[in-house]
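Number of protein chains: 2
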Amino acid sequence: MKSQSSTFDKPIDVLISEVGMRDGLQSIASVMPTASKFKWIDALVEAGVREIEVTSFVPAHLMPQLADAAEVVKYAIAKPGLSVISLVPNLKGAQAAIAAGTHKLTIPTSASVAHSLANVRKTREQMLEEVRRIVEYKNAVAPHVEIEAGVSVAFGCTLQGVVPEDDVIWMVEQCIAAGANVSGMADTTGMANPAQVKRLFTRAIAAVGIERLGAAHMHNTRGLGIANCLAAYDVGIRGFDTSMAGLGGCPHAPGASGNVVTEDLAFMFEAMGVRTGIDLEKLIAARQPMIDGLPGEAVYGMLAPAGLTKGFTYAK
Amino acid sequence: MKSQSSTFDKPIDVLISEVGMRDGLQSIASVMPTASKFKWIDALVEAGVREIEVTSFVPAHLMPQLADAAEVVKYAIAKPGLSVISLVPNLKGAQAAIAAGTHKLTIPTSASVAHSLANVRKTREQMLEEVRRIVEYKNAVAPHVEIEAGVSVAFGCTLQGVVPEDDVIWMVEQCIAAGANVSGMADTTGMANPAQVKRLFTRAIAAVGIERLGAAHMHNTRGLGIANCLAAYDVGIRGFDTSMAGLGGCPHAPGASGNVVTEDLAFMFEAMGVRTGIDLEKLIAARQPMIDGLPGEAVYGMLAPAGLTKGFTYAK
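Sequence order for the protein chains is A and B.
First residue of the first sequence: 1, per the working numbering; consecutive thereafter.
First residue of the second sequence: 1001, per the working numbering; consecutive thereafter.
Hints in this document: simulated from the structure, not taken from any laboratory.
Quick reminder that beta carbons are idealized off the backbone N, C-alpha and C, glycines included.
It cannot be assumed that every hint is accurate.
[Stated by the list, open to error] Covered, in the sense of this in silico footprint (three residues per stretch, anywhere, with C-beta under 8 Å from a C-beta of chain B), are these stretches of chain A:
1. 220-227
2. 260-270
[As the list claims (entries may be wrong)] Which stretches of chain A does chain B cover? Using the computed rule of at least three CB atoms under 8 Å from a CB of chain B, they are:
3. 192-205
4. 306-316
[What the hints assert, rightly or not] With a straight-line cut-off of 25 Å between C-alpha atoms, the simulated SDA-like cross-links for lysine to any residue are:
5. B:K1198 x A:G311
6. A:K316 x B:T1202
7. B:K1310 x A:R199
8. A:K310 x B:K1282
9. A:K310 x B:Q1196
10. A:K310 x B:R1203
11. A:K198 x B:T1123
12. B:K1316 x A:V162
13. B:K1310 x A:I28
14. B:K1282 x A:T158
15. A:K79 x A:A142
16. A:K316 x B:E1165
17. A:K198 x B:Q1196
18. B:K1310 x A:Q196
19. A:K310 x B:T1123
Okay, chain A solo, but in the shape it has when bound:
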């Protein structure tokens, strides 16, 4: 939770990490122009968003939406105090992300064998080996870079169905044992419920310690995204991955899997008296450069059309 700059000088209670630029953009067909990404980053920083997952380092032919990965990282790291994250599926991606200057790497591992093979074409054990290789590399060339190894489909898998909780906790432990600074659990497919979220995060905290757990990464596929974040908060989690305007999700399509909406979650916390460091009106305004860069793309979120409540006061 960096707060070196004047933009980020207020103390915060929770860290909202914007992942729309990666998780959102990779899920839609439209390609946002690089110049629009820059304007979007400007607006997010202006609103007080302290951490952005800006891209994924994957082959451009596989994901043309993120072909400008290095350029976007270089632009973002010039923002004083902003924490800049890149997703990397392998050592090659990590090398490129570190060369571009990213502050933090996120490596996707999986709690489900079926999903692991489908997502990264590796078994869970092979993926843990990849984490070890990346940790070794970054320790040699950029020891200040943080590594999060997240556990995907931790709350259910569209291929495997139910994922045993022991498997999830085992993966979290293995990620930390492989040298990741933090691990995390992601509801990649929007199958989590609040009771399960409380159970799994409580177990994960007991297993590796709260300081070793990254953000709760919840999707809103079945409408429970915000309730699941509340459940995670209730058991001690203080970091949340969210996506502006729920980018990437489509509530009218089967399998829709949009992230929790940044604006709505930030509103919930501020209304509850939990400090996010975010100016909600500026955050709503930050939707515009995103919308301008993705003409015709569906946008979601309830706070933006409804506006702040009459008499609203920020957390103090």
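Fit chain B to the supplied structure of chain A, relying on the hints for placement.
Positioned in the frame of chain A, the structure of chain B alone reads:
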């Protein structure tokens, strides 16, 4: 929580009360044909919904959507075991609702002076006097009928802004003192947050006792409806007002005020292991008669397009 019939013979942990036929229909311009309302009631009962707020007894020229109030009540009370609620703003409405055979009356009072005058053209004290008159009447003619006096805008008011919590608790106490069987608190304008929900329901339970508190009535105006229900559940509330397909809300219009989506909330509870008595697939199917009766009307909810999760099991 009636369960006399074979449809409703399973034990439940929470009572989900469908209010779309009243709160939803009164909020939209379209008028649902009476025959469609009957089919919708059939489908809701078939899905295991045990309580429906079917109408409001108000002058037909003020609310033509609900002009068939008596007819709808008569149809609904023929369903064995179904609990049938009517909203009544005054004694005249209560007389008509009781004559039609309704099981339960809901009377809207208000925590905010400004809202009370705007909504029912009475001060809070005058509205409490109306509650006393209705209680006296029903005790004389239909003592078995239950009376809930709900407190509207308990979590904030679009006219007054912040509503002092002492005012809300005072109104809950006054409603019970006026002879209502239960009182309740409604987030009429979608301004609540989970911390406030926990605080106010905890105070209300302490003030009048859990057996004197009706359903949590939450709106999803700013995306927090389900999280607010979870918060109410966490402090002991076991009844929830919801609206199929979020009827009546429009996330793309300022001031949108749709209820919590029945399907999504029922899914959350069942996934958590909390029994609702509802068959979720039949509940999703029950959207169709509603949609057929309101051609072109916007429908919401995330569960219906996404479907149940792979490997889903109901609460046992």
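Each hint, compared with the structure:
1. 220-227: holds (count 7)
2. 260-270: The restraint on the stretch 260-270 of chain A holds, since 4 of its residues have a Cβ under 8 Å from chain B and three suffice.
3. 192-205: holds (count 4)
4. 306-316: holds (count 5)
5. B:K1198 x A:G311: 20 Å, holds
6. A:K316 x B:T1202: Holds: A:K316 and B:T1202 sit about 23 Å apart, inside 25 Å.
7. B:K1310 x A:R199: Roughly 20 Å separates the two Cα atoms, so the pair holds.
8. A:K310 x B:K1282: 39 Å, violated
9. A:K310 x B:Q1196: At roughly 15 Å apart (the allowed maximum being 25 Å), B:Q1196 and A:K310 satisfy the hint.
10. A:K310 x B:R1203: 23 Å, holds
11. A:K198 x B:T1123: Violated. A:K198 to B:T1123 sits at ~44 Å, over the 25 Å cutoff.
12. B:K1316 x A:V162: 17 Å, holds
13. B:K1310 x A:I28: 23 Å, holds
14. B:K1282 x A:T158: 22 Å, holds
15. A:K79 x A:A142: 20 Å, holds
16. A:K316 x B:E1165: 19 Å, holds
17. A:K198 x B:Q1196: 21 Å, holds
18. B:K1310 x A:Q196: 15 Å, holds
19. A:K310 x B:T1123: 22 Å, holds
The structure is inconsistent with the numbered hints 8 and 11, although it conforms to all the rest.
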